[in-house]
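Please construct the entire structure, taking both the sequences and the accompanying hints into account.
Protein chains: 2
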Amino acid sequence: MPSRLTISSFSILGLLAIQPWTAYELTKQAERSLRFAWPKSERLLYSEPKKLVEHGLATAHREVSGQRSRRVYTITDDGRTALTAWMATSPQPPVLEAEALLRLLFAENGSTDDLIAALDTMADDAAELYDQVMTINTSYLDGHHPFPQRTHLSVLFATFQLELFDLIVKWVEFAKTEISTWSTTEGLGLTDGTEAILNSIKERRSVLDPPNKNP
Amino acid sequence: MPSRLTISSFSILGLLAIQPWTAYELTKQAERSLRFAWPKSERLLYSEPKKLVEHGLATAHREVSGQRSRRVYTITDDGRTALTAWMATSPQPPVLEAEALLRLLFAENGSTDDLIAALDTMADDAAELYDQVMTINTSYLDGHHPFPQRTHLSVLFATFQLELFDLIVKWVEFAKTEISTWSTTEGLGLTDGTEAILNSIKERRSVLDPPNKNP
DNA sequence: TGACTTTACTGCAATTCGCAGTAAGGTGAC
DNA sequence: GTCACCTTACTGCGAATTGCAGTAAAGTCA
Numbered sequence: 001m002p003s004r005l006t007i008s009s010f011s012i013l014g015l016l017a018i019q020p021w022t023a024y025e026l027t028k029q030a031e032r033s034l035r036f037a038w039p040k041s042e043r044l045l046y047s048e049p050k051k052l053v054e055h056g057l058a059t060a061h062r063e064v065s066g067q068r069s070r071r072v073y074t075i076t077d078d079g080r081t082a083l084t085a086w087m088a089t090s091p092q093p094p095v096l097e098a099e100a101l102l103r104l105l106f107a108e109n110g111s112t113d114d115l116i117a118a119l120d121t122m123a124d125d126a127a128e129l130y131d132q133v134m135t136i137n138t139s140y141l142d143g144h145h146p147f148p149q150r151t152h153l154s155v156l157f158a159t160f161q162l163e164l165f166d167l168i169v170k171w172v173e174f175a176k177t178e179i180s181t182w183s184t185t186e187g188l189g190l191t192d193g194t195e196a197i198l199n200s201i202k203e204r205r206s207v208l209d210p211p212n213k214n215p
Numbered sequence: 001m002p003s004r005l006t007i008s009s010f011s012i013l014g015l016l017a018i019q020p021w022t023a024y025e026l027t028k029q030a031e032r033s034l035r036f037a038w039p040k041s042e043r044l045l046y047s048e049p050k051k052l053v054e055h056g057l058a059t060a061h062r063e064v065s066g067q068r069s070r071r072v073y074t075i076t077d078d079g080r081t082a083l084t085a086w087m088a089t090s091p092q093p094p095v096l097e098a099e100a101l102l103r104l105l106f107a108e109n110g111s112t113d114d115l116i117a118a119l120d121t122m123a124d125d126a127a128e129l130y131d132q133v134m135t136i137n138t139s140y141l142d143g144h145h146p147f148p149q150r151t152h153l154s155v156l157f158a159t160f161q162l163e164l165f166d167l168i169v170k171w172v173e174f175a176k177t178e179i180s181t182w183s184t185t186e187g188l189g190l191t192d193g194t195e196a197i198l199n200s201i202k203e204r205r206s207v208l209d210p211p212n213k214n215p
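Note that the protein sequences, when read in sequence, are chains A and B.
If you're matching positions, the first sequence starts at 1 in this note's numbering and goes up one per residue.
If you're matching positions, the second sequence starts at 1 in this note's numbering and goes up one per residue.
It should be emphasised that the hints constitute simulated quantities derived from the structure, not laboratory data.
Keep in mind that the hints are not guaranteed to be accurate.
[To be verified] Using 25 Å as the maximum straight-line C-alpha spacing, the simulated SDA-like pairs for lysine to any residue come out as follows: (1) A:Lys176 - B:Arg32; (2) A:Lys28 - B:Gly189; (3) A:Lys40 - B:Lys40; (4) A:Lys170 - B:Pro39; (5) B:Lys202 - B:Thr181; (6) A:Lys170 - B:Thr89; (7) B:Lys176 - A:Arg35; (8) A:Lys28 - A:Ile136; (9) B:Lys202 - A:Leu141; (10) A:Lys28 - B:Gly187; (11) B:Lys50 - B:Ser65; (12) B:Lys170 - A:Ser206.
If you want it as structure tokens, here you go:
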């Protein structure tokens, strides 16, 4: 009666399908890829492979070097079968967690400066993440991919992250110009700016597209 | 020794700052707003207000109607103070959870059809979420906001969601045209398309911008 | 008046997280 | 050559969160 397989289990199984790893190596690898699609705690990355072994989807063997031993996990045939079966199932809807947006939702409880600071932090974080993805990916052009045969997947995956982080940076810029027209955070209601946004929303136009240019 | 306050606690406190609610009402309200920035289980929305009471940030009073009673939670002055203090702190980085992107990362373990199906599901989910946000927000134009004085916040908040869901839909379109050039999911490595993407990434150009038009 | 939905919760087991702790091996500086 | 610090390689535990099932009254519609 091992505990049941979760999406996190399959995300580890997916890594094991590439090559055998130790749990420690899995945490490092997760930081380069998994974290952008399925962010999980380091702790879980140590317990999930054990669960996979219990289910017979992976095996663990100890490698010894000096006084120290490491447990290397390898995917089994059953593991590959289970992974392939999972690939054919329907994925859960995407979910975003953004504390800075909570601050916007409750902005009336703080100053406009508080709000702008929160949004700036989100933009800085996004810019930093953008750079991280860029660093990893531009090196692929020089043939520096640890798994060259996977470049088509890594790069297409990265495009989403870059678009997302770019969107965040650009949206914060837009939001700040809008907020700059506010005298306070509280009780403004339907301002001219808000009405303009609502009209552009109604026509399904992006609020970012025309960056304050006249037609 | 009540358990400590989390971001989730403050997200509930933020709702209580608008007006008193029952836990049940909080779950309904969370579905309209909180869920897009701080998605939490319904269960938690029942326990968090209790924690706020333990901390003295809210009070609970029973209202009786017939045989049934409901517990209405009201923010205290301490609660408002704590909320305002929280608004001035730095938010955590944004985080995205997208199982469909995991499928892309591990696509070599399934067929191109599996991959396209997963991406289509994500696009459909995003389109559905887009519609939900649209429905809530276009009604504001007719003056149908439950808290008219908060329209400026709700609408600016909504613009982010719309941009995000639109990005997902558009990126999936792009990803699918790229994938359509693949004969298999496995071992392709640096294809022509991948190289083109990498070059465009290098120049920080969006892969979505010019939708296959010549300059 | 019977069936079904909405309102209004609680209990509990399973899952996940954050943090602290342990310990060996490697690296560079003085 | 030894001290400090970083990396590798984990485990334990309490706290936070989830998912699911269960309870029950009130409202709705036919």
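Quiz item: Looking back at the numbered hints, which does the structure fail to meet, lowest number first?
Solution: none
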